[in-house]
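**Student:** These protein sequences, in sequence, are chains L and H.
Numbered by this note's numbering, the letters in the first sequence go through residues 17 to 580 in order.
Numbered by this note's numbering, the letters in the second sequence go through residues 1312 to 1491 in order.
Derived by calculation from the structure, the hints in this document are not laboratory data.
There's no promise every hint is true.
Calculated Cβ distances over 12 Å to all of chain L for the following chain H residues [claimed, not checked]:
#1 R1329
#2 M1349
#3 H1353
#4 R1366
#5 E1374
#6 K1382
#7 Y1383
#8 K1399
#9 G1401
#10 E1454
With the Cβ distance kept under 10 Å, some of the chain H side facing chain L (calculated, not the full set) [to be verified]:
#11 F1315
#12 T1389
#13 H1397
#14 I1416
#15 G1484
Where is the CB? At the ideal position from N, CA and C, for every residue including glycine.
Read off the chains here:
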Amino acid sequence: MANELFRICPDTGFKIDRNAEKLIKANAVVAIVFLAVGGLFGLLVALTRWPAVHLLPAEWFYLALTAHGADVLLFWIVFFEIAMLYFTSSVLLNCRLATPKLAWGAFWLMLLGAVIANVAVLQGESSVMFTSYVPMQAAPHFYLGLILFAVGALVAVFIFFGTLVTAREERTYQGSVPLVTFGAITAAIIAVFTLASGAIILVPTFLWSLGLIGDIDPVTYKIVWWAMGHSSQQINVSVHVAIWYAIAAMLLGAKPLSEKVSRFAFLMYIMFLQLASAHHLLVEPGISSEWKIFNTSYALYLAVLGSLIHGMSVPGAIEAAQRRRGFTSGMFEWLRKAPWGNPAFSGMFMSLVFFGFIGGISGVVLGTEQLNIIMHNTLYVPGHFHGTVVAGTTLAFMAITYLVVPLIFRRDIILPGLARWQPYLFGIGVAGISLFMMGAGTLGVSRRHWDMTFTDAAIGFEYPPAAFLMMGLNGIFAIMAAVGGLAFVVVIVGSVLFGTRRDDAYSKAHPVLPPAGAVAVSTYGNEEALKIPGTIMLVTIFFAAFVLYYFVNWKYLSEVWPLS
Amino acid sequence: MAIFPPENRVWWNEPLHRPEIIWITVAFLWGLVMFFTMIYWHFSGQQNLSNEAYRIFPEVYAERTEAMAEKYTVRTETNLDIPVVHPKPGTDVYMLARLWEWWPILELEKGQEYRLHLSSLDWQHGFSLQPTNINVQVHPGYEMVMTITPTQAGEFGVVCNEFCGIGHHTMVGKIIVVDK
Ligand code: HEM
Ligand SMILES: [Cu+2]
Ligand SMILES: [Cu+2]
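So here's chain H without its partners, still in its complex pose:
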């Protein structure tokens, strides 16, 4: 029994049972399949997270985001006059996280590629783009750059899904995707 020392003193010489051998083999092979699926997806899949990231001072990141907003703001929304920024397709677009907003609102064109930059000015935040469901962690001091291609038109919410203090549940941003 499992609560007593093994009765057979030299238990390590006992032969294995067939069902056990088969299951260990199947399970091991399945592990390989899952392992190589991740690698395979890097070559053939379309959804892979970028490894491009830089160290950055929050002030510098804020400046860059503001510079982009200044250049490309097309209108403002809500009573807080949040700028809606429509940058050129194919370019670098910035969104910043801070207590408790995603800034600015981005307007992107469907089917176009963008280099999206994300960083936080204070604590950690979670970039959760809904309903398409892309979730990325946003750190202060790190600027992540990923290439995204919106494939549906409409309004998408950017929910903060990393707990960031008492205003966490009010931290929602927006990405608008328009047809060209």
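Chain L extracted, bound-state conformation:
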């Protein structure tokens, strides 16, 4: 039934709903626009925090930082995620998208909200940071914009669920949903919880900014705000892990080592991530240690366990697939001979490594009840989450975009030379800013702070010289990351506008995906002994680094003034 509604993808054989395709395009394009705008603000912020450059005046710095946080963390990430939800439901399940009209409504609502929030920030009366902690107050339309955006996103999430139901009813796939879709379902379930928390806190805050209701308790605000803010990071994790599996599958024919384990790991996110609000409340007054310990550890670190499992299954799946292809010599031939020149692969693999080593380890350390005392609100915090949401999520999103453009936009990637280098520039740049901000934070430097020399303060204080060095290096790597980000925008926007059109005949002649490794790997594992020595080595190195770094920080803590 290749009628008007659908086309058959010449590369993958998927039956693609044209409505879904248009919506994926629209959401992805808008996402990238916000990445470009937000990334520019990020560069300005980083250059201001470089003491030798100190680019922006104070008001502009706080404005730019608010805009940076909102544009990249909310708008870039969520628009892209909506595109991914439509992709993993409609495309991967060969199903029509439920209620495309409503999906357009959701899209426009989100866009309207995002634009309103940006206008509010640029007007200058809402430099409250994207967290907008009460009792500091922004202009009412700042909150209104965020609310509209969240409502739009919530509608889109329900369209995703609607599409799953449709697919089931119309039997567009056999058996269980693919693992990647399963990961997206995890993300969507968390999203419902998250967006609901957002509404619960932002609606009263909006009314308060209009003077309609009285004070909002600042601690309660934080608990509920972070039920949105932190749990939504777990949406990102679920989606980017799903993308890791997807890219490994599409480029290398990798098959999960075991469906059961990978799916269970996703389930752990749903079961335990909601507790994560606690990460932001570890040094707040009036909250018991029992509550903090239980929640900050996601009940015995069970959600962390989910990520640790993916940390072995994803490279393990790649290794197994590569070994089947014949890259069997030594421990790492499979990795050396991986398609490092393909930005979808290099981006994906760096995302995996950086997310684990930088974002993951630092996140657990930062989220340890007592260790938080030596890190709370220092630059360690942005250092950590540039490891998760930038080197991890953003880089994974960039990587999959190199497949989305040829498959969904049906254009060839232009400037292949630049595209090849782009993930390295961005990935290494971001790894640098993460590490140097973590370094500065370990030395005590405050986050969200315009002047680490305290020139205008009545009482002075000097951070150690090493902290200044860290901020200089941070600036240099920020430039590298910004160049990488710009390269991404140029390549992708350029390809969408000017890339060679991939009609069916052209696609057959120039396939995007290598001829299916799928066949080669279809039934390994399970019965036979699984050989993944390289992955075991990587995981061992990771684990050693984790344990070592964890206890080093306890050592630091033990040197601090005793307190109780």
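Starting from the known structure of chain L, fit chain H with the ligands onto it as the hints suggest.
**Tutor:** Frame of chain L, contents of chain H with the ligands only:
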């Protein structure tokens, strides 16, 4: 492949691989270790954040801080004449946060215990004691009380590390620790 439905319809009956089982076990045990380390530190570690906190009206908190300052001020510093307060060891000492200062300057004795009270009169602020590196969130309407023991003599900066408006980067206070 991960983008197609599992080939094996009854995938949930597939046996697990050894490397996976081992890693899941190790990772789970490591989670337990980290979980119990936090609890252990409450009994054996010296750096634990107090859970003692009270609801308080900002005016009341200001009065208490001023009362302490009146009683124990030993001199003033800077051209703003910020009082330097040297309270008795072992007693309750107050520091307040407001746009954009930490008030007053405290002078403490090395090796002595103090019950340090922190609260804000307006917005949230961040108490970041440097370079020893103790960071605590300060809320309006909540008074946090923690017992601290300075272990080094010298001058320590109290940087505000919660964004609190345009004067945020000028909000620095001081704790002086003197040998007895
Ligand atoms: C060119 C790339 C980027 C650079 C150079 C950059 C740099 C920075 C710097 C220097 C800070 C400020 C730290 C501080 O003073 O507190 C910051 C904050 C932040 N960044 Fe980025 N960043 C980049 C990309 C991103 C992306 C892609 C995301 C999200 C996906 C992101 C999310 C954030 C968030 C949420 C904050 C915190 C804002 C706040 O404190 O309110 N950044 N970034
Ligand atoms: Cu402050
Ligand atoms: Cu401040």
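**Student:** Indicate, hint by hint, whether the structure satisfies it.
**Tutor:** The hints, checked one at a time:
no. : hint  : result
1   : R1329 : violated, 7 Å
2   : M1349 : violated, 5 Å
3   : H1353 : violated, 6 Å
4   : R1366 : violated, 8 Å
5   : E1374 : holds, 19 Å
6   : K1382 : holds, 22 Å
7   : Y1383 : holds, 19 Å
8   : K1399 : holds, 19 Å
9   : G1401 : holds, 14 Å
10  : E1454 : violated, 7 Å
11  : F1315 : holds, 5 Å
12  : T1389 : holds, 5 Å
13  : H1397 : violated, 17 Å
14  : I1416 : holds, 7 Å
15  : G1484 : holds, 6 Å
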